[in-house]
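Undergrad: Single-letter residue listing:
There are 4 protein chains.
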Amino acid sequence: MIQPVYDFRSDNVAGVAPELMEALQAANLGTAAPYGDDDYTRAMQRRFSELFERPVTVFPMSTGTGANGVALAALASAYGSVLCHPTAHINVYECGAPELFTGAKLVGVGGGDFKVGEKELAAALASAGFGNPTRVQPFALNLTQPTDFGTLYSLQELRTLSELAHARGLRVHMDGARFANAVAALGCSAAELTWRCGVDLLSLGATKNGALNAEALVVFDEALAARIPYLMKRGGQVLSKARFVSAQLERYFADELWLRRAQAANRNAAGLAERLASLPGVELVAPVQVNMIFLRLPQRALAALRSGPFAFYELGEDIRLVCRDDQEPEGMSRLYDCVRAALGVRS
Amino acid sequence: MIQPVYDFRSDNVAGVAPELMEALQAANLGTAAPYGDDDYTRAMQRRFSELFERPVTVFPMSTGTGANGVALAALASAYGSVLCHPTAHINVYECGAPELFTGAKLVGVGGGDFKVGEKELAAALASAGFGNPTRVQPFALNLTQPTDFGTLYSLQELRTLSELAHARGLRVHMDGARFANAVAALGCSAAELTWRCGVDLLSLGATKNGALNAEALVVFDEALAARIPYLMKRGGQVLSKARFVSAQLERYFADELWLRRAQAANRNAAGLAERLASLPGVELVAPVQVNMIFLRLPQRALAALRSGPFAFYELGEDIRLVCRDDQEPEGMSRLYDCVRAALGVRS
Amino acid sequence: MIQPVYDFRSDNVAGVAPELMEALQAANLGTAAPYGDDDYTRAMQRRFSELFERPVTVFPMSTGTGANGVALAALASAYGSVLCHPTAHINVYECGAPELFTGAKLVGVGGGDFKVGEKELAAALASAGFGNPTRVQPFALNLTQPTDFGTLYSLQELRTLSELAHARGLRVHMDGARFANAVAALGCSAAELTWRCGVDLLSLGATKNGALNAEALVVFDEALAARIPYLMKRGGQVLSKARFVSAQLERYFADELWLRRAQAANRNAAGLAERLASLPGVELVAPVQVNMIFLRLPQRALAALRSGPFAFYELGEDIRLVCRDDQEPEGMSRLYDCVRAALGVRS
Amino acid sequence: MIQPVYDFRSDNVAGVAPELMEALQAANLGTAAPYGDDDYTRAMQRRFSELFERPVTVFPMSTGTGANGVALAALASAYGSVLCHPTAHINVYECGAPELFTGAKLVGVGGGDFKVGEKELAAALASAGFGNPTRVQPFALNLTQPTDFGTLYSLQELRTLSELAHARGLRVHMDGARFANAVAALGCSAAELTWRCGVDLLSLGATKNGALNAEALVVFDEALAARIPYLMKRGGQVLSKARFVSAQLERYFADELWLRRAQAANRNAAGLAERLASLPGVELVAPVQVNMIFLRLPQRALAALRSGPFAFYELGEDIRLVCRDDQEPEGMSRLYDCVRAALGVRS
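In the order they appear, the protein sequences are chains L, U, D and H. Its first residue numbered 1, the first sequence is counted upward by one per residue in the working numbering. Its first residue numbered 348, the second sequence is counted upward by one per residue in the working numbering. Its first residue numbered 695, the third sequence is counted upward by one per residue in the working numbering. Its first residue numbered 1042, the fourth sequence is counted upward by one per residue in the working numbering.
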């Protein structure tokens, strides 16, 4: 018998939610105009406008990197820069895609808990050299919500950072690859998390929460929307049969499906993290606010995990555990037990 | 009762083949590593190696423009050019994506029937200014097979053009958005149509032949493969849940499904074109070799079509009719009758 | 004794006009702010405003390719195209610089005598696909005046082409590497040749007419000027000691120096061309309107020239002869005699 | 009488050294092939090979930003990064030119005294994610020598950093805008400072030390040289009358001129800095190793300087004073006295 592997690598190792698979099937009927000019996409558009409590323009895509690249390109000037946290996904894990799509420079702005800090942003803007032609000119602030380390900006933080950015003419882009997890954790509405806090453009990911390569670029400023179809095409991001992404996204937000899944994933991580953190020598690298846990473990615990039936990523000395909504309780228990035992703690 | 619309706009207005929908379902089981490092992708890789009768490296993507962009980027030098027919898809309908992905210049090389001509290619290479630093240096020849006007390069033409290109150090990229239709029409093997004719890289589309946003970049020269994952990421082309594209592609080539569908589509177009071309004043703009028909019609016939229950694209003075494998016979008959009647020809 | 070589390769093989060398010396006094924020540059600015009979903004640079790149970048949109003649300098001899500076695609528009034709431009605009996101969107029309084949747009042609371009939202860029030769040949004013004909931006070259790497980007629309210092810096085009270019340009237009030199160069070419064209079998490839002669010669005449004391460029089967203002009369006579004798014509 | 302004803004506010002006005049004789294919450029090439004690390939240009951009472009891969100090000139003061020329990302690597540190470089390389396609792949290490804050890498530091870089396949680019000042300060040879320490490519500036917009790209690895003419053209960096830059550079290194000037400038700065630093409350922001002084002054001293006959730049709270070889002794004394008096120190 093959030993089961409990998979903590990422939430995108999961399959597709049955409800979304059904939506795919339902959309497979008759012909439809390609490239997003179809009724499924229009229905999705309406659904998003309901969700966000205002008219929004939405573009279906299949990768988050593509959505981020197009979003930033829609804002870019030819000699510009995007301010972001040094650990931002766009700065570290997209192999230069934002630079390719925009021609811009990414400039790191520090801050605690892997978030752009208010003071740090103010200082960066003060020394950015606006109007000095030897300096790149900032045009956008990127906020990854949740961050790549699973931390969250509060609504107040988002508002303050957006105001600072807007005051200097920058637009605000939110990278919401785990948007549902953020909404679930903060207990706010989608509108509150975004445009009501000053967000101009949102990359909203559904893939990590049960969709089949379904991402959306949500535009809160209509004036920005006109250029996006061109930028998508130029970036190879226009889907021939866009209806199959749109139909998923429409269904995703048709009821509480998206929230329930994200809440479950967050809950799984919170429970596991709490137990692990109670062990001696186990250190949380970042506060656990959504479904991601970053740990530093004593060597013997790490060694035990490596030889156990667990799949997870290591980042330098740390390990990352990501929980899905359907993370096996047995897997979580066994992982905890494995670390506990290695550390010589009695159960 | 709503009058049905017979849809001749494109083959990508179709839904997804039932067999491929089943493959999607079957792949929705358990967790899998993201970004193409999964068993479905490995199985697809093996399937392609069988099909092409040699080891190939295959990368699953969701758009043809993305696959083309990455393919050309894998060949690009920093001050280079891609030779292609002026009407090539990459030159006209990708909104500058090849230029973005490569940084290169696209240089048109003429030829009859919308194909790069042998003489024209020889002349372009002779006057390209190799070694002259004021001139961009050609690094690739793009051949769209079938062309955007539905014409086909013969195997002999492909061989000759590839030899000319290789002799000057260029690599050969085939844009095969309708690859199955080309193989079906030429009655050759996939191997014969590609690397046996000198093709180095192939963008192979399955979407227009029944897949759900499933395209593949097929690499026949292993040395080129190493850079492609980076170029894909940088272009926002790496799918989080790649298995759902790979599973389709594996199934697509598992039996004659792909060929049968393409043959049917080609046959539909051939039959319709033959009937239409027999009418007085109806002119074929290009020979009908796959599933696309380009017509110039007398004004009264065009007017009749426009007011009939037909959907199709107009390109300047011409119209384009594309047939799917499941094009409704009734729709084809009614379209023919509509033109015939408008031209005053008795049935 | 070494046989002298009569140099017909280009007008940029010449040295520097004594008047401009003196201006360089005169500017070598005291300190001055770098990067163009100096009194010499301001004086040059005033001189250009006089010359063009209106306020203009002028940026000193050292290469024409740089000036062209920056000019087009100032107009560029992210998914745009520049319309130009297929033989335009920017399309053939700048190794992709315009594409690098702009990210845009260059799209060829045909026409006789190496000039963009009115009908051809109208057709290109009609089929450009404005508003279609699969197509690059034209933002500029480039007019090379004189063309790389030494032909000239008439003022009427410039007006018509500019109107067509402006009507579709394109801006007009004139590449005037041999601006003085054009003004001299047309007998018009600098204003008449440019903004009065609808030109929005001018790359004005002085180097080919006696300056030491002195070029200017002249902006007729103030709204465009603000972005240019950034685009120059980003393109490595901002000169540390800009005053030494500005001082030359100020002197260049301080009196008739620029015109006298250009008139002399044009006259030399006209005389030589007339004599050569009178010989049997000698064919002018393009009308000789400035200081450039393009000839197709019988093989024996070509062979004779090659073995004579002449330096010139060959372009495929043609040869190019460019005359400077101080072209040696003896050299021109000997060149004519060489061809004449080879063709067996008595003197 | 106008009060004289003592100019401490930069060394590029200076004019042109008389010896170099003479070299310009001497080069203004007869015709010469354009674009660097001339005898002056060949002589310069030989002179540099002598200076560097080995064959080198040298390309004359007119801006340091251009030389840096081309140098890095010669090394670039399509999904690459350049490691440099966060304060590096290429990272801060070139308005994105390196990114434009290379398509690469600049990644900051910290270290004391504005220099890349050995430990920091080792850590950056260890966590760079070589072989991970989500991460940009480093291809070059940029070392600014002297740094923009006037500090110097020792030969030992250069060797160590180069070895670390080479061991991971990176090439080493030195930005030597003030190359002469560095050689003068370190008392080493040009060879010792560069290729003997592992430098692969050098941007060598002469403009800040008395030349008229004369910079050179010096290539120590012949295999890199072949692509550079194309990259220069594409970047608008090829000078039409290159001989006038080459003639200056040849003369610059023909005797000790370059060193004498740099030594004098360094000496001026050292003397002034020593006196200023002796005053209470005056803080040197960086060690003064070449001709640049960075100071933090008490407010009253700063106010006094601002209202005195002095020109200088302010960077946030600091001021920068740069000394030329011919900095007026009176100006330096008056500046010192001004600060001293403001601080209430008796002379």
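Everything labelled a hint here was simulated from the structure, so no lab data went into it. It cannot be assumed that every hint is accurate.
[Claimed, not checked] From the derived model, a few chain D residues whose C-beta atoms are all more than 10 Å from chain H:
| hint | residue |
| --- | --- |
| 1 | A737 |
| 2 | P749 |
| 3 | Q850 |
| 4 | L906 |
| 5 | R954 |
| 6 | S1001 |
| 7 | D1012 |
| 8 | R1014 |
| 9 | C1032 |
[Unchecked claim] If we take Cβ atoms under 8 Å as the criterion, some of the chain U residues that face chain D in the derived model are:
| hint | residue |
| --- | --- |
| 10 | T434 |
| 11 | C442 |
| 12 | F477 |
Cβ coordinates follow ideal geometry from the N, Cα and C atoms, glycine included.
Undergrad: The structure should be examined with respect to each hint, and the outcome stated for every one.
TA: Results of checking the hints against the structure:
{"no.": "1", "hint": "A737", "verdict": "holds (16 Å)"}
{"no.": "2", "hint": "P749", "verdict": "holds (26 Å)"}
{"no.": "3", "hint": "Q850", "verdict": "holds (31 Å)"}
{"no.": "4", "hint": "L906", "verdict": "violated (5 Å)"}
{"no.": "5", "hint": "R954", "verdict": "holds (19 Å)"}
{"no.": "6", "hint": "S1001", "verdict": "holds (20 Å)"}
{"no.": "7", "hint": "D1012", "verdict": "holds (20 Å)"}
{"no.": "8", "hint": "R1014", "verdict": "holds (14 Å)"}
{"no.": "9", "hint": "C1032", "verdict": "holds (19 Å)"}
{"no.": "10", "hint": "T434", "verdict": "violated (12 Å)"}
{"no.": "11", "hint": "C442", "verdict": "holds (5 Å)"}
{"no.": "12", "hint": "F477", "verdict": "violated (13 Å)"}
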